[in-house]
Amino acid sequence: MVIFSAFKEAEACSKKIGDLKTQLNIKSEFKFNKSHPTVKESFFHAIKRYDFSVRAIVIDKNRIISQRLRSHNAQFYRYVMKLLLEKTDDYELKNAIIKIDAMGSKDFKQKLRKYLTEGLGVHAIKKLTLVDSKRDHLIELADMVIGAISRSYSGREDAQRWVKMLGKKVDLVLESSALVT
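Per the numbering used here, the sequence shown starts with residue 68, numbered consecutively.
Hints in this document: simulated from the structure, not taken from any laboratory.
Even glycine gets a Cβ: it sits at the ideal position worked out from N, Cα and C.
Accuracy of the hints is not assured; some may be wrong.
Unchecked claim - Below, a list of computed lysine to aspartate or glutamate pairs in the EDC-like style, where the Cα atoms sit at most 20 Å apart: (1) K193 - E78; (2) K149 - E78; (3) K128 - E242; (4) K149 - D127; (5) K98 - D86; (6) K194 - D168; (7) K161 - D174; (8) K94 - D203; (9) K235 - D225; (10) K82 - D203; (11) K178 - E159; (12) K178 - E153.
Stated by the list, open to error - Now the in silico label distances, taken between C-beta atoms and shown as ranges: (13) E108 - R135: 39 to 49 Å; (14) H112 - H139: 16 to 26 Å; (15) V198 - K94: 36 to 46 Å; (16) D168 - F74: 28 to 38 Å; (17) Q134 - K75: 28 to 38 Å; (18) Q134 - K193: 30 to 40 Å; (19) K193 - P104: 13 to 23 Å.
Input sequences plus hints: build the corresponding full structure.
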């Protein structure tokens, strides 16, 4: 989850990502696992000046105990989103505009919206939208950042390279070894 405290800062970062795509002649979206290391380098260098923080949960899917979460991706996704939002202070959610990658069916999107707003009792959220990552640079930012965090848990030679570029922007990473819900 990427958090901007100021809307104008989020807009400026989004514009920078769009400009970078033009500069690098990238026709598709930024995706961490599909990007060449030089593209990642350019991306993280371009966004480092913007004021945002990152929160993530790292889960080894092989250690999920709950059969329901193991077999239903939509329930797993909703559950993880709820865990992340529970770790977010109320003042950060007040008047928040939350954008979530709109993968999945219309039914999934409706259930996710209901689960997050009713399940958390979060009625202070100004707007919750499900957006296509191909059309929203801030969703691309989230993908790149989460990809960097995920890579930092691998045994690869460059495991720490990208997360180090984020520095103190990585505010919270929860490691969950087993989900029993």
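Measuring from beta carbon to beta carbon, are H112 and H139 in 16 to 26 Å? Check failed, 39 Å falls outside 16 to 26 Å.
Can you tell me whether the CB distance of E108 to R135 sits inside 39 to 49 Å? holds (40 Å)
Does E78 sit within 20 Å of K193, going by the straight-line distance between their CA atoms? holds (17 Å)
Verify the CB-CB distance for Q134 and K75 against the hinted window 28 to 38 Å. violated (45 Å)
Can the restraint linking K82 and D203 be considered satisfied, given a maximum Cα separation of 20 Å? holds (10 Å)
Is the hinted pair K98 and D86 satisfied, with a Cα-Cα distance of at most 20 Å? Holds. K98 to D86 sits at ~16 Å (cutoff 20 Å).
Compare the distance between the alpha carbons of K149 and E78 with 20 Å, and conclude whether the hinted pair is satisfied. Not satisfied, since the Cα-Cα distance of roughly 25 Å exceeds 20 Å.
Holds or violated: K161 to D174, with C-alpha atoms at most 20 Å apart: Violated. K161 to D174 sits at ~26 Å, over the 20 Å cutoff.
Decide if the proposed pair is consistent with the structure: K194 and D168, CA atoms, cutoff 20 Å inclusive. Holds, at roughly 14 Å.
How does the Cβ-Cβ distance of K193 and P104 compare with 13 to 23 Å: does it lie in that range? violated (38 Å)
Has the given pair, K235 with D225, been kept, meaning a C-alpha gap of at most 20 Å? Holds, at about 19 Å.
CA of K128 to CA of E242, is that 20 Å or under? holds (12 Å)
The structure shown violates the earlier hints numbered 2, 7, 11, 14, 15, 16, 17 and 19.
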